[in-house]
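If you read the sequences in order, they're chains L and C.
My numbering puts the first residue of the first sequence at 10, with every later residue one more than the last.
My numbering puts the first residue of the second sequence at 10, with every later residue one more than the last.
Just so you know, the hints here were simulated from the structure itself, not pulled from any lab data.
Check each hint, because a few of them may be wrong.
Note that identical chains are pooled: a pair holds if it fits in a single copy or bridges any two copies.
[As the list claims (entries may be wrong)] As a list, the in silico DSBU-like pairs of lysine-lysine whose alpha-carbon atoms are at most 35 Å apart:
id, residue 1, residue 2
1, 11, 310
2, 177, 150
3, 11, 177
4, 175, 150
5, 177, 119
6, 335, 41
7, 11, 335
8, 310, 335
There are 2 protein chains.
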Amino acid sequence: MKSTRIVLASRPIGMPEQENFRTETVELEPPKPGQALLQTLYLSLDPYMRGRMSDAPSYAPPVEVDQTMCGGTVSQVLESTDPALRSGDIVLGYGGWQTHSVEWVAGLQKLDPALAPLTTALGVLGMPGLTAYSGLLTIGKPQPGETVVVAAATGPVGATVGQIAKIKGARAVGIAGGPEKVALLRERFGFDAAIDHRAPDFAEQLAAATPDGIDVYFENVGGAVFDAVLPRLNQYARIPVCGLIANYNDTDLPPGPDRLPLIMSAILRRSLTVRGFIVSEFMNQAAEFIPAAAQWLAEGKLTYLEDVVDGLDHTVESFQGLLTGKNRGKLVIKVSE
Amino acid sequence: MKSTRIVLASRPIGMPEQENFRTETVELEPPKPGQALLQTLYLSLDPYMRGRMSDAPSYAPPVEVDQTMCGGTVSQVLESTDPALRSGDIVLGYGGWQTHSVEWVAGLQKLDPALAPLTTALGVLGMPGLTAYSGLLTIGKPQPGETVVVAAATGPVGATVGQIAKIKGARAVGIAGGPEKVALLRERFGFDAAIDHRAPDFAEQLAAATPDGIDVYFENVGGAVFDAVLPRLNQYARIPVCGLIANYNDTDLPPGPDRLPLIMSAILRRSLTVRGFIVSEFMNQAAEFIPAAAQWLAEGKLTYLEDVVDGLDHTVESFQGLLTGKNRGKLVIKVSE
Chain L
10 MKSTRIVLAS RPIGMPEQEN FRTETVELEP PKPGQALLQT LYLSLDPYMR
60 GRMSDAPSYA PPVEVDQTMC GGTVSQVLES TDPALRSGDI VLGYGGWQTH
110 SVEWVAGLQK LDPALAPLTT ALGVLGMPGL TAYSGLLTIG KPQPGETVVV
160 AAATGPVGAT VGQIAKIKGA RAVGIAGGPE KVALLRERFG FDAAIDHRAP
210 DFAEQLAAAT PDGIDVYFEN VGGAVFDAVL PRLNQYARIP VCGLIANYND
260 TDLPPGPDRL PLIMSAILRR SLTVRGFIVS EFMNQAAEFI PAAAQWLAEG
310 KLTYLEDVVD GLDHTVESFQ GLLTGKNRGK LVIKVSE
Chain C
10 MKSTRIVLAS RPIGMPEQEN FRTETVELEP PKPGQALLQT LYLSLDPYMR
60 GRMSDAPSYA PPVEVDQTMC GGTVSQVLES TDPALRSGDI VLGYGGWQTH
110 SVEWVAGLQK LDPALAPLTT ALGVLGMPGL TAYSGLLTIG KPQPGETVVV
160 AAATGPVGAT VGQIAKIKGA RAVGIAGGPE KVALLRERFG FDAAIDHRAP
210 DFAEQLAAAT PDGIDVYFEN VGGAVFDAVL PRLNQYARIP VCGLIANYND
260 TDLPPGPDRL PLIMSAILRR SLTVRGFIVS EFMNQAAEFI PAAAQWLAEG
310 KLTYLEDVVD GLDHTVESFQ GLLTGKNRGK LVIKVSE
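Produce the entire structure from the sequences given, and follow the hints as far as they go.
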């Protein structure tokens, strides 16, 4: 079986470009005992992948040059050596940027196509949803009446954070780029307030939208949004940090002054909790999260937005758009029917 | 009754100078019902007082200009209108930088002179001790075999942090300024390793002293020590932040580059917890802390060091020395016999 795949040709400096990748078609090894041959249906594109393209120290090893770019996938089983899976089954795996893959059955999770659309396993019911759920509830701990702020709020993590905050009785303030996304925040996701971070008076708008300050800031973007949030944080505010997409392409630190003492002083004076996390820390919460989120979906308390792009050959440009905020919702590449 | 007191004459910019203070003798109002007239025996000097001299936003309101500088005190009751206290009783209060004070009895805590030397109520058994205990155990949560690092480690907070870390089975690495203090860390307080932050190869020494990285960094100094600690922090390290004495006299942020993205990136990549706190948050732990610490003192597992300076007229210069690391242990002014 042949697979068409996109490999990392060289490590990008700053924004990844087409030249950093190479598309090639290779013959796959047949599955060994315990493995299955899969055809990729959907490939998830997520900001963390930018980190895997670099060899700076991070929480996970980088993708090696000349290796297939990593990524979560929903795939159909073509051939299985393990009785746990049969040809035709649909599975969640980690096949990467390619049309076919051979994976260990033990690392695959069989999906129930009747539970929800298959793409949700990569978004609201998958890793982004769990990121939102665990980071918000375990670290952010929003209390009824408190104010929760999240950016990239039409994205799969941000939108889920805002809606779970509402379910828990908190006030949700969403930040996104551009009037179309801001309208989505209010109309589709039910945020109590929605702000455009591209507005020239963004900081003033954020202050007006948080009259009682901010109790939880779910940090998934960094940069100018954090700068505007910092002075609004209340005593004992909690800041789960799961992403800093604004900085991912930076090759140097920004010019001074050095604000490290400023943030440490704010942490001290206002008894802030700043806590980084990677969703893998909370994998043991998936068993409570998935049924809870599926029920919220069924009840209409939780909704989601997807940008599905047709064809693996659009993957690199779609990923570039993800880093610049072009997509509105969860970005998924439809690799095959 | 007359009281000689030191008032804040003007707000210091940078290091507090003698001219920022004024000594005056005033006639005290007689105690109202519910109040007591006290003679100050010991006055505590602590880094947080620098914050009270400024009117920048902080966790507590500033001392007003022309008002007596605040401070914890051990005092003898001269006259009480409340039967809960009798003349001659010794109390812990908040009389400030003066020889006599009138305070509400409800805000005073009667001390047992048989439990421990009176000055310990201002140090190892008082606010600094509780700061160490609660910050280390509630936020730092050191596990047996983990590495705990603390600076200003001959001081009342740092020395207690290190010794409680040892009691809990962790490895304690202490940082202090100058060879005399470093020797004290090893010989008197039993730190597993002791490092001079003034050494030109301080960062290399810290790396050598933390071969397994750092799991808990109890932050009470900031500045160059934090810079050396940051690259050594392990995945899931905890950083209780209770003081940043290195920055207290800063009037401007240091020059660039801006390291705010650097610290946020470290928090994310290594799942760090950075948590500011003020000891008042943990006052409800005093009831468990004081008997525990008194027992550790009696068993010889916990020891302390005090610098007692004779005479209120040495208060300002002693406080300046506190900000530049002149004292070795808990700094106390002996105000009267």
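Hint-by-hint comparison with the structure:
Proximity of residue 11 to residue 310 under the C-alpha cut-off of 35 Å is found in neither arrangement, the shortest distances being 43 Å within a copy and 69 Å between copies. In the homo-oligomer, the alpha carbons of residue 177 and residue 150 lie at most 35 Å apart both inside one protomer (9 Å) and across protomers (29 Å), since each shortest distance falls under that limit. Neither within a single protomer nor between protomers do residue 11 and residue 177 lie at most 35 Å apart by alpha-carbon distance, with minima of 48 Å and 58 Å respectively. Both within a single protomer and between protomers do residue 175 and residue 150 lie at most 35 Å apart by alpha-carbon distance, with minima of 12 Å and 32 Å respectively.
For the homomeric pair residue 177 and residue 119, the shortest alpha-carbon distance inside one copy (30 Å) is at most 35 Å, but the shortest distance between copies (45 Å) is not. For a Cα distance limit of 35 Å, the shortest separation of residue 335 from residue 41 qualifies neither inside one copy, at 41 Å, nor across copies, at 69 Å. With identical chains, the CA atoms of residue 11 and residue 335 are at most 35 Å apart within one copy only, with a shortest distance of 32 Å there and 73 Å across copies. Taking the shortest alpha-carbon separations for residue 310 and residue 335, only the intra-copy value of 26 Å comes in at or below 35 Å, while the best inter-copy value is 61 Å.
Checked against the numbered hints given earlier, this structure breaks hints 1, 3 and 6; the rest are met.
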